[in-house]
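Could you slot chains Y, W and P onto chain X? The hints should help.
Chains as they are written, first to last, in our numbering: chain X, 1 to 377; chain Y, 1 to 377; chain W, 1 to 377; chain P, 1 to 377.
It should be emphasised that the hints constitute simulated quantities derived from the structure, not laboratory data.
None of the hints are false.
You can't tell identical chains apart in this list, so a pair holds if it fits in one copy or across any two.
Distance condition first, Cα-Cα at most 20 Å in a straight line; then the derived DMTMM-like pairs of lysine to aspartate or glutamate: (1) Lys-2 / Asp-53; (2) Lys-149 / Glu-295; (3) Lys-142 / Glu-295; (4) Lys-149 / Asp-294; (5) Lys-34 / Asp-72.
Treat the numbers as computed from the prediction; the structure is a model and nothing was measured.
Chain residues, written in single-letter form:
4 protein chains.
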Amino acid sequence: MKELRIGVIGYGFMGKTHSNAYVQAANFFNSRHKPVLQALCARNVEKAKPFADNWGYRSLEHDWRELLKRDDIDAVDICTPNHLHKEIAIAAAQAGKMVLCEKPLAMNAVEGEEMCHAVEFAGVPNMVWYNYRRIPAVTLAKQIIDSGKLGRIYHYRANFLQDWTINADVPQGGAATWRLDVNAAGSGVTGDLLAHCIDSAIWLNGSINEVCAMTETFVKERLHTETGKKEPVGIDDACAFLCRFANGSLGLFESTRYARGHKALYTLEVNGEHASLRWDLHDLHRLQYFDHNDESIVRGWRSIHVTDGDQPYMGNWWVPGLQIGYEHSFTHQVADFLTSLDTGQPVHPTFRDALETQRVCDAVLASASQRLWKTVA
Amino acid sequence: MKELRIGVIGYGFMGKTHSNAYVQAANFFNSRHKPVLQALCARNVEKAKPFADNWGYRSLEHDWRELLKRDDIDAVDICTPNHLHKEIAIAAAQAGKMVLCEKPLAMNAVEGEEMCHAVEFAGVPNMVWYNYRRIPAVTLAKQIIDSGKLGRIYHYRANFLQDWTINADVPQGGAATWRLDVNAAGSGVTGDLLAHCIDSAIWLNGSINEVCAMTETFVKERLHTETGKKEPVGIDDACAFLCRFANGSLGLFESTRYARGHKALYTLEVNGEHASLRWDLHDLHRLQYFDHNDESIVRGWRSIHVTDGDQPYMGNWWVPGLQIGYEHSFTHQVADFLTSLDTGQPVHPTFRDALETQRVCDAVLASASQRLWKTVA
Amino acid sequence: MKELRIGVIGYGFMGKTHSNAYVQAANFFNSRHKPVLQALCARNVEKAKPFADNWGYRSLEHDWRELLKRDDIDAVDICTPNHLHKEIAIAAAQAGKMVLCEKPLAMNAVEGEEMCHAVEFAGVPNMVWYNYRRIPAVTLAKQIIDSGKLGRIYHYRANFLQDWTINADVPQGGAATWRLDVNAAGSGVTGDLLAHCIDSAIWLNGSINEVCAMTETFVKERLHTETGKKEPVGIDDACAFLCRFANGSLGLFESTRYARGHKALYTLEVNGEHASLRWDLHDLHRLQYFDHNDESIVRGWRSIHVTDGDQPYMGNWWVPGLQIGYEHSFTHQVADFLTSLDTGQPVHPTFRDALETQRVCDAVLASASQRLWKTVA
Amino acid sequence: MKELRIGVIGYGFMGKTHSNAYVQAANFFNSRHKPVLQALCARNVEKAKPFADNWGYRSLEHDWRELLKRDDIDAVDICTPNHLHKEIAIAAAQAGKMVLCEKPLAMNAVEGEEMCHAVEFAGVPNMVWYNYRRIPAVTLAKQIIDSGKLGRIYHYRANFLQDWTINADVPQGGAATWRLDVNAAGSGVTGDLLAHCIDSAIWLNGSINEVCAMTETFVKERLHTETGKKEPVGIDDACAFLCRFANGSLGLFESTRYARGHKALYTLEVNGEHASLRWDLHDLHRLQYFDHNDESIVRGWRSIHVTDGDQPYMGNWWVPGLQIGYEHSFTHQVADFLTSLDTGQPVHPTFRDALETQRVCDAVLASASQRLWKTVA
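One chain only, chain X, in its complex shape (with noise of 0.2 Å):
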């Protein structure tokens, strides 16, 4: 059993996702590497000293220049707003450490091309935590296209709604907000959201040629956390877009925050010549499926409960019908990523195929902003 020694920066929503994964998978997954939490990076010290201590951090770190010095650290897992990214992710590679990045990979394609310059140059293991496509009933619609169960693909849709910034007394900037300061995230629910959604399609479905997108900020001004004042909002609030896929599908794609009743509602649908399937987060653990090839007067849509040992990642945890929640989709990555590391084989996304989603989302901002069809570069 050999450690793997993670320097985790940052320790907000995603800092809390990642410890608990890396608790977890060594719990429910075997692997000969063991990942330890071996330090917390956070500009203040003082205050991230109780998350520290809560998830078990063996050291804490105020620098994350500092930490890359350090010779106990074997993997780099940056979890900080999207703006740092690229400088922290660079520094890591050139440094040798394993890179283990949040999405999306960067503020747009061209910091995310010199990202991946650097890894693959540093010939470091790295990866970006799209983490969506190992909850288990993805992984199946995954396992179940590659049957070629589905045939030719005609159409894939997805969406990604929530409605937590409708009150236009939510902040922008600060520790929990950033993500609506065009700033430290780049864009709105482009690259928060939609990125997910391109993520899991590219890997569905194939590459995406060109797109055509609207994208609307509702509120214009939000108080900003740090100046103190009303200041313009610079992301988009929602955002759609219409793309071709390169196997000759067409795309429809949409997100917001601003979708009444609708939390973290991301879903997705493949149709094909022989069968579709139809997925949703808020009821993660259900693959729904058609296959015409079944008995017609007994045709109809499955909902697959999937909680099976045969099932993606299922023979792990618990007994048939019994699920397991959202945080495990990072579970399994850190899982994946210790088997990748146990074979050699690289763990996807990398920064590689993070780079391709990046692409389209700048595709989208750019046909937007033109009202123009665009190809993804």
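Positioned in the frame of chain X, the structure of chains Y, W and P alone reads:
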């Protein structure tokens, strides 16, 4: 094309569903017989006239005895409260009329037995309106079970839940609420609602051998619309029973009018060795079906949207995806009755079939009153 | 009681739904006008006769021009393929007949404009059969939105998904498949299915200002039933578009006949500041409603089973819990048309209302072909 | 921070859920007590070692009597088959240890009474793992009922359906299938599954006065893993019962392992005068709630997605919309146990609470065997 001249007795809720069914059956189904609304019979002809005019009845009759004397009546349809079924049905049979009788067949099995003798002795076509057999999804359930897909049956459960009598101000007696008056109805939910569940159960799963029941009357007194005074309530507001079927399966039945939030939720489920089925009246065009023979990783409950042309009755309606309403369970029963006249084969449930349901009801009520298991006579 | 003598032109799927609706409206709804099936008009009278007999048409006519000359026809109901709408409707108006026209109004907005002028110049009552407005759950959605419960609207999304043309052996042209022949239909899913979505959207959420669309034809050639040869397919098999409404909300629409597993899945959703609504045609009696004003710990999407007497149209049908079918969207439209004759108030959608939908369809098709955002004319 | 040093006896399915819960409770909930996995006790220490290592147990013990002698053990957690509960629990209490016991409490109420006396005489904190009380949606149901929103309760129904023993080749006895061996389990579905339903029912709806039950054993003989021979099956494969609660409501319960298609479908529903509730374990984060006080036209069953911070336990997890898994019902029970140590208030269900459930189980089994109504002792 031969006319089937019908005399309908009663014009309440069931009078309306039947009148409509005769009209619709002729429009949507083929037969050599065409139902004609020859006479509506009602004690108060004045009050019944708008109804008769609306549905195009050719005549009005104020006394059912007079109706039975008429040569221009081929079939009598009994839509009266339960306590009148016996006398009318027997007289109608003796008059050589075909007899269509609303459910439950009678106030009890003794009455029902007399009625069976009468129609059988007279040799007249006879039928009881257990209409739910002819909801397309329920008919499909029957086909699936008969095909052997379920294998050995282990469990049958059904309930029929309503909430319209929770309010203690609902009166008993009279045209609108005779179902709460034990003298008119014979029993409460047992004869009104459980009778439907029992009819379906026997049809789908065979005979019931023995039962053990409990009943309750939550509101002990209600204003009687005839006496104008509060009178004790003699019906059962709720009834539940355990049972054993002849095929060795276990049954569980429940009905109540005190299940807040349910209006007419008739649910049935059958669990077999290889497959299971589930249906409910609130989403009546959907049949839930689970088949253990499906490939394991994509196994799940199928929601069969019973609207395709190869599913029961649906070829006569619209196009796939478009559903029909509750009322057409009656339309289908008329259509099948007409076909039975064409072919000479009896249509089910006959009086004799309905007598078996009556016997189960009697055993249920006896069991509840004696607090003992009762064999179905 | 005044007879409304109707001449129906065409006896395909829509001829059947309309014929039934005239019969049913008279039986279930009150009006001083009673619709009468005065004449069925069909090129091949021989073939149409069984249909006419079944529905009790008083006469048959082989040429719609002859029909228009008759004094015993008050209203003309156009159930022909789309390319015949204009000529018949204009002639009917000129003959002083009321005109009821199947949707879409016309092959394009130019035609539609002429038709509007004709009926308005003649001053005849006119109506287009966008029947889905009158599904009780959809009408209820309208009431809820108009009551202000949703507040400012942010998003509207709708799709209409089918799968019946995936098989490349389905031909184009002829009575059964004229919808695949661009010369008869004008367009594919845009005029056939999206037109419904657009009509509902304008009704519920107001005008659409601009659109950006893509279309696709998956099967490029199909046997033409008239030429007996493979011919290029001129219709759109799938169409999706982004749009902006006049009220500032964003719209997303999609339709296809290549969504395996969906037969006639028309779905719409509206997200407002305070509440949201969702409906689909496969479970047409259910309206999903989320109200943020509900107490927070018990807040959730409500599944409103639209079957109660205080909900639109339902007081005329059965009792709570018992649903009605697709066909009664037409019944309700007839009932409302009759009421409009009683009151002298126009029934919507009029030709003028439907012209707005036509303009959106035209903009959608232009946008798809030019790959540009288009303002709705 | 005070350590709570736990000795866990057994490492099967429940040993795993408990071990995980101790780890997770410390990470997600605050308490002045921190659970520590001090010792794992297993007859075969060799076989148990990997499990102990995985979860980080500080020591291994092969004899539970030795475990009880240790000074470094504060609490004993009994995860053995049912027939061992009594002896261990009593000895643990006598040794002054806190006792956490898996459900059902005992083989029967006589044993349970002895166990209650032992823990109460010793004055040690004690708890039984009826974990489903602490699924957030179930806890929310309790809050709603206690708030009075439902008013007078008329009906309570619950079932627990599985299908894993339909195959007659599943053996009885041994570590994996002791639940099929009456000598180890005491009963079949009654103690295993209905006990959960009964515990929740008493908690939510108060005491049960009398019951009437039936049981069935569908497979009469199974291979016994210890004798290597086919042996009669002594457990109940299925059990259903009617009951009356002290508050006047009627109850209906059912459990089976022969309901094809259901893996662990625990469903409960409560119908009150003003409102109703429904929950099931297959979609465990959803609580269905109907409130008759809602405005009538928008009344419907609400699907409450129990993931918001103001709903039970959820403030300690992720963000709204993101669900947690089955396993955290145990985590919450540990968290509440730790809080009870902080405050000195007992955590429920105690042994005494669980004894009431045991008495109902005993009455159910006696009723089934004698075919009579039985009063709960």
